[in-house]
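**Q** Sequence:
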Amino acid sequence: MQQEISRRTPLGQQAAAALSRGPAAPDQLALALLRKWFWARKPDAGFLLEGFPATLLQALVFDEWLETRGEILAAVFAAPAAPADVVTHYRTQGLLCEALRAAA
1 MQQEISRRTP
11 LGQQAAAALS
21 RGPAAPDQLA
31 LALLRKWFWA
41 RKPDAGFLLE
51 GFPATLLQAL
61 VFDEWLETRG
71 EILAAVFAAP
81 AAPADVVTHY
91 RTQGLLCEAL
101 RAAA
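Numbering (our numbering), first residue to last: 1 to 104.
It is worth saying that the hints were derived from the structure and are not from the lab.
Bear in mind the structure is a predicted one, so any value in this text is a computation, not a measurement.
Even glycine gets a Cβ: it sits at the ideal position worked out from N, Cα and C.
You may find that some hints are simply not true.
[What the hints assert, rightly or not] For each label pair, taking beta carbons as the anchor points, the in silico distance ranges come out as:
hint, residue 1, residue 2, range
1, Arg-91, Ala-17, 25 to 35 angstroms
2, Lys-42, Asp-63, 16 to 26 angstroms
3, Arg-41, Pro-10, 18 to 28 angstroms
4, Glu-98, Gln-13, 35 to 45 angstroms
5, Leu-49, Gly-94, 10 to 20 angstroms
6, Arg-7, Glu-98, 32 to 42 angstroms
7, Gly-94, Thr-9, 31 to 41 angstroms
Let the sequences and hints guide you as you build the complete structure.
**A** Below is the structure:
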């Protein structure tokens, strides 16, 4: 997303405007930005995504993209503030890596 914003592409300009209004881009905009990246990259090239998927809809669409390409996720790390439905989705798939919190 940041690359599209810095290149001032039409999607990047939409993303910059959306992010100026709040912390997250709407699903359709986030999916449009990630779709462009996902289908342009080399098959089976490793990647690490931060902040995506941010909603259950984004996770389900991302799963479809992976399946279409015959790829799988190795693991998912969820931020403490990650939406519960996204965390549950990846936990159910056995992909969620949950770090133990150190005792205070």
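**Q** Determine for every hint whether it applies to the structure shown.
**A** Okay, the hints, checked on the actual structure:
1. Arg-91 to Ala-17: 25 to 35 angstroms: holds, 34 angstroms
2. Lys-42 to Asp-63: 16 to 26 angstroms: holds, 20 angstroms
3. Arg-41 to Pro-10: 18 to 28 angstroms: holds, 20 angstroms
4. Glu-98 to Gln-13: 35 to 45 angstroms: holds, 37 angstroms
5. Leu-49 to Gly-94: 10 to 20 angstroms: Holds, at about 19 angstroms.
6. Arg-7 to Glu-98: 32 to 42 angstroms: holds, 36 angstroms
7. Gly-94 to Thr-9: 31 to 41 angstroms: Holds, since Gly-94 and Thr-9 (Cβ atoms, about 36 angstroms apart) stay within the stated range.
In terms of the numbered hints stated before, the structure departs from none.
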